[in-house]
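Undergrad: Here the protein sequences come in this chain order: W, L and P.
All letters in the first sequence, in the order written, are residues 1 to 100 by my numbering.
All letters in the second sequence, in the order written, are residues 101 to 681 by my numbering.
All letters in the third sequence, in the order written, are residues 682 to 1422 by my numbering.
Hints may be right or wrong, so weigh each one.
[Stated by the list, open to error] Just the calculated beta-carbon pair ranges, DEER-fashion: (1) L:W584 to P:N712: 54 to 62 Å; (2) P:W1368 to L:I330: 24 to 32 Å; (3) L:D625 to P:L1223: 58 to 66 Å; (4) L:D614 to P:N712: 22 to 30 Å; (5) P:I1381 to L:Y667: 39 to 47 Å.
[As the list claims (entries may be wrong)] Counterexamples of contact, computed for chain P against chain W with all Cβ distances above 12 Å: (6) A713; (7) Y874; (8) A917; (9) H1259; (10) I1282; (11) S1335.
[As the list claims (entries may be wrong)] Cross-link-like lysine-lysine pairs, in silico, DSS-like; alpha carbons within 25 Å at most: (12) P:K1300 to P:K1326; (13) L:K543 to P:K714; (14) P:K1379 to L:K307; (15) L:K311 to P:K1379; (16) L:K212 to P:K776; (17) L:K108 to L:K173; (18) L:K307 to L:K543.
These aren't lab readings, by the way, just hints derived from the structure by calculation.
C-beta atoms are modelled at their ideal positions from N, C-alpha and C, and glycine is treated no differently.
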Amino acid sequence: MIDPSWVAGLGVFLFCIGLWGAFTRKNAIIVLMSIELILNAVNLNFIAGAAQHGDATGWVYTAFAIAIAAAEVAIGLAIFLAMYSQHETISLDEVKLLKH
Amino acid sequence: MSENSSKKAIFEREFSIVATLVVGAGALLLSFPLFFEEAVGEIDWITIPMVAFPILASIILLALASQQPRGMKENMAFPVKAASLGFSLFILAISSALFFGWLGSIDWTTLKINEYNMNHEYTWINSLGISWHVGLDGLSFPMLWLTTLIIPITMITTWEENSGWYHHPLLLLMEGALIGVFVALDLFMFYVFWELTLIPMFFLILKWGGKDRRYAAQKFFLYTFTASVIMLLGIVTLYFLQDPSQYLIDRGVLTGRTFSMIDMTNNAQMAANDGSVWLGESMQNALFLMLMLGFLVKLPAVPFHTWLPDAHVQAPTSGSMVLAGVMLKMGAYGMFRLPLTLFPHALAEYQYLLLAIGMISLVYGSIVCLGQTNLKRMVAYSSVSHMGIVILGIASMQPLGFAGAIFMMFAHGIISPMLFSVCGSFKHHYHTLEIGSTRGLAKASPFLGGYMMFSWMASLGLPLLAGFVAEITVLVAVWMTFGWWVLLPALVLVITAGYYLWSMQRTIFEGSGDVVLPEGMAAEDARDLSPWENIGNLLMALLIVLFGVLPWIIWDMMSAYANAHFYFNMGGLLNLVAGGA
Amino acid sequence: MEASELAILIPVLPILAMPVILFLGQLFNGNAKWKGFWKEGGTIATAVMAIVFLLSLWLIVGHVSAFSEGNGDDVVTDVGNWVSYQLFTEHGDMKVQELGFGMQLDHVSVMLLFVASFLCLLICIFSLGYMNTDEVNENRNHRFYGEFVLFCAGMFGMVLADNFLWLFIFWEIMGLCSYLLIGFYYERPSASYAAKKAFLTTRVGDIFLFVGLLIMHAEFGSWDFAVVFNAANIGAADAGLIKAMLLLMFIGAVGKSAQFPLHVWLPDAMEGPTPVSALIHAATMVNAGLYLVARMFPFFAAPAMAGELGDVALLIAMIGGITAFMAAAIAFVQKDIKKVLAYSTMSQLAYIFTGLGAALWFVNNGHDELAFFAFGASMFHLFNHAMAKGMLFMASGSVIHEMHHAHHHLEQSEDGHDEDDDHHFDAQDMDNMGGLASRMPITAIAMAAGSASIIGIPLIGGFWSKEGIVGSAWKAVMYDGGGLFIIPAILVLLTAGMTGFYMSRMWFMTFAGKPKTEVAANVEETTPFIPIPLVTLTFMTLGGILFAGLNFAGWLGENSTHLSLSHAPSHLWHEITHAFLALGSDGQMDPFILIITWTTILLSMVIGPFYAMSLYGGKLAKGQKAHWSIAWIITLSGRIHSTYKFDNSIWAESGLSTALRNRLYFDQWYDSLMLKIVVPFSYAAAWFDRRIIDGVIKGIETGSQEASRNIRSLTTGSARDYIMMAALGTLALFLLIWGVA
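Okay, chain W solo, but in the shape it has when bound:
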């Protein structure tokens, strides 16, 4: 069995990649993918913790997170579609709907 700390380490690595992607990319789809990456990193951390302590709570949370992430992706994509039909772009630099 792999040591849980390796799993946690992988989680940290993925988290950083995701964060970097979310900060730097213009394309909304890629930003969404980066966020998914962050979520999965957190899931890995949960799993690592669960494995370490032999407690099922972490598994349960992971299951929740995956389900919610799926829903979130669906909503996110729907928003981007709507955005595209309105502004004909999904570049985050050009859309400032959140202002005020």
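Fit chains L and P to the supplied structure of chain W, relying on the hints for placement.
TA: Leaving out everything else, chains L and P in the frame of chain W:
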């Protein structure tokens, strides 16, 4: 032609739906006992029929009406209004039945402190110690009855309001929320309903209000909401300060603490019996002030009163009637229910602060009244002034003062809606509220003039009308506790008479020979009250006379509550009272 | 069935009649039958008043005869509990209190009940003629009758109540009705103003009474007469607070009975429908204050208070003396017939206050016999004055009404069209009258009898009681510590002469001489119903001698337990010797009192009327003949007028006279107090509320808006900025937690 007949057909269909709804709901409520195996008196007549039912019914009515196409909504007005009125009358029937003992004899005058009639509890959020807990005693029942009396009367009086399909269900929603506040025996539930009352009132002001309704609605909402957040902070602090090792009936599974008022009162009572101060002196004082702040803003007391005139002046008649008649009473009710019951020691500590606030509200409010040029604003300030009497009754720390204060809440609750309904009719028929812009209206609108005179007289405390009983009992208590300070409230009785008579002289009287109408109004437009307004005002006038001539109908239970309250707090309080006198 | 069981109906019936009349009036407004047979509600009101009068009589006769048989006691009926509550006592336990309603009947309330129910019935009959024949009142008489019966209910209830709380409640109801009735012609600014003034002025007095009652409740734990008048309870109470309480209650009485300095409302109250509201403000309601002071008697009589309350009694007498003199002086210069009567009312009520003050002083200083005498005389004067003044007002109403009609008639026949120009012609101005004695015989005789009673012409009504009051005031001067009574004593003595002048002046200006206007020459006495009360009350007033013979005054003063018909001749003889020769009960003549008596008679009967005759008397126009009973007075006045000419222009044009015409500027002072101080102050308070208190709230509002506008510039709208901020925020949070840990 065909369009009309199809409209008519649709209307008839809708009408039949609503009529079925009313009859069905009535049948449901009347057959309520059949669903239970208990005796009629042991059934929970509060949760479903009086709280859930009006709220759900109003939502259904709103949904039903708002689904109609644009032109059809006004057609729905009559059936929806009729349904709302019918529902509120059902509720009135139930609350009256509770009082008169038609649903099994209920004794209102022998309750001890922390004993409730119709006491029913259901698990709600178990982990935090939150339950759905309802019950009635000599304090909350008069308020409940007041609510169920005033709402249908308001519906009748404002029957001809625009967009009735929207307006009347809001009043029904208001009724459910207000009843929820008065019956709640769980702090969480209390707070939920407390804030729920803001929503229909906000929309009433926003949709039917005057020119500055936006400003008034926001000010009303934010001001009272801010105060209730402070109150919420107090409630949460109170929650966490409880000692989980104490005996609690509704212990939260997770937190070991409870929101149950009964448990808290029990603990406070036990501490008082031991001669100790529950939660410690400084904490009691802090919590007392936090809770009182929330309630004083709602009441409102000077200097937290400025939202009230703005809200009243902009609010429609119905909004003003419910706001002044019942919503203000929430503040006073909350005071009795929470800080005064839980923190008797802090009450004694801040007795003179309350005296000061009460006196200032009373005197300052009445003087400001005298300087008003807007009829509704004047009546609003008179509410501030009269609520000062409630605070004085509390500050007197006499059972008589408490009972008088509760009676004042009730009396003001039936008098002030009439004041505002008269003001509303005035505005409706003469398109102005400026005092002095008209003369001799008693000639053009004799009923308006008559009701104005009657309600003005009731408000200035004329004997044999409801307000007098409250004034005399509170002032007796004030004399017994504070002595010559009573001269100030007595002086206010003159000022009150002054501003009321002066305003009448400058609106409905004078104008020798010819009626003076507001500028730009044609003489033939000067009309008297509509039949609906007449009925509503007449009902309120009858109530005012009834409770003025036979106050003991409702007085006895209030007095019993006040006495029980004082037996409970005997230990620590008595010495303080004797010392203060 | 006992009369006392039905006694509750006396106040309740009229109260119930009020909504009925108002409702029917609103329903049938303008209906011919409603106007005809039902007199716009007048018939119902009269019927109710008649029933109430019969009930009262039943009650009164029972009471009087029970006393005559020697087994009488004050009737007390407990009707029921109103509110009950608990109070802390000083020992820390709770005691149950009850405020109930009950009725008590003793000598004073019996007398007042009779006065009230009798006069209310007569006024009601009078109104049938007066109100319903005036076009101004058309279609709103039901309002008058509704308010009228409520008013009567207030008076009955106040008289019958067996505790001070209900006395106060009915007292206030009368205040309300007085407001409504004075403001009956609400469209007239003067009436609206007068109504407000009356309500507010009496309200000022009322709150003092109210505070007094609060003290009473604190001291006795009850408002019941039975508890409060108990000598032991009075002994247990704090003497200082009792004194304060009595003073406060007296201020209430001052307001209600229109005494200095709260007298300003009464003359203006004449704005009400002539003369009915005026009568209410003369014969019944204003007696409430007197009744209240009379009710204070047990406090002064209590042994525990002996000698303590002399100042209060002196103050009462002093206020009485000042008001009597002041009102009489103002009455000198009034041109309006009703205003003269209004000031006369004030002056006569003040007499009664003086008498009561003397009675209270006597009893407080242990001179019980004198106290009972003074008390009886005061109460008897109340009775005489109510009867006479009721009649005088109705008579003046009759004059005004007929003047009005005559004027109307003339206008119509001259111009051929009906023009309402009341502004040019004042039907109440005595300068427009004159010579009416032949045109209105019933009214003239009634007014002569009433004036004689008010003046105190020997053997007629008011004489018997006024002599007693003046004598008592002077007697008080002679005792230790009563020296200051010299002021009210001199004032009431002078006022007796002044009364003789102004009452005669009024009568001669109205009825003697030649008509001063064409209208006055065409007056006819034709209105129905009006003569009934006038004739009844004329006999009542002239029958004062009968009441004197019955020892009515002694009975009222409670030093005699029965009214005895069999002893009437001998008692009358005693009264006469007492009145004219100042013989005491021991047969000794008191020379001092003898001088006072004859001075009073001389002043009031000879000097006052003589002066009035010389100034205002005169023969009737040629061909006009007055009734024989008054013809000789007119002839005499004509002779004096032509023989003795006084030049009173020095007085008439002096500053004093102007001041009197302006009612000694009291009204101006009060008005400017209101308009220059109270109202501006309230406007300032309203400004303070809007700008300062609400200003702070608005400041918070705009401040937070400003702050949020600044913070808003951080929101760039770019999603990546937000992510960055969230990440940085989280990082900061971690660092924080790490640092704390």
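Undergrad: Holds or violated: L:K108 and L:K173, Cα atoms, limit 25 Å.
TA: With Cα atoms ~13 Å apart, L:K108 and L:K173 stay inside 25 Å; holds.
Undergrad: Is the hinted pair L:K307 and L:K543 satisfied, with a Cα-Cα distance of at most 25 Å?
TA: Outside the cut-off at roughly 33 Å; violated.
Undergrad: Measuring from beta carbon to beta carbon, are L:D614 and P:N712 in 22 to 30 Å?
TA: Because 26 Å falls inside the window, the suggested range holds.
Undergrad: For the pair we were handed, P:K1379 and L:K307, check the Cα-Cα distance against 25 Å.
TA: holds, 23 Å
Undergrad: Would the least Cβ to Cβ distance between P:A713 and chain W come out above 12 Å?
TA: Given that every Cβ of chain W is farther than 12 Å from that of P:A713, nearest at about 74 Å, it holds.
Undergrad: Are the Cα positions of L:K543 and P:K714 separated by 25 Å at most?
TA: It holds: about 23 Å lies between the C-alpha atoms, which stays within 25 Å.
Undergrad: Per the hint of 54 to 62 Å, is the separation of the Cβ atoms of L:W584 and P:N712 within bounds?
TA: holds, 56 Å
Undergrad: Classify the label on P:I1282 as holds or violated, using whether its beta-carbon is more than 12 Å from each beta-carbon of chain W.
TA: Given that every Cβ of chain W is farther than 12 Å from that of P:I1282, nearest at about 98 Å, it holds.
Undergrad: So is P:S1335 really clear of chain W, every C-beta pair being over 12 Å apart?
TA: holds, 83 Å
Undergrad: Is the distance from the Cβ of P:W1368 to the Cβ of L:I330 consistent with 24 to 32 Å?
TA: Since the Cβ atoms of P:W1368 and L:I330 sit about 29 Å apart, the hinted range of 24 to 32 Å holds.
Undergrad: Check the following: the C-beta atoms of L:D625 and P:L1223 are separated by a distance inside 58 to 66 Å.
TA: holds, 59 Å
Undergrad: Is P:Y874 truly not at the interface, in the sense that its beta carbon sits beyond 12 Å from all beta carbons of chain W?
TA: It holds; P:Y874 is separated from chain W by about 59 Å at its closest Cβ, greater than 12 Å.
Consistency note: the structure conflicts with earlier hint 18 alone.
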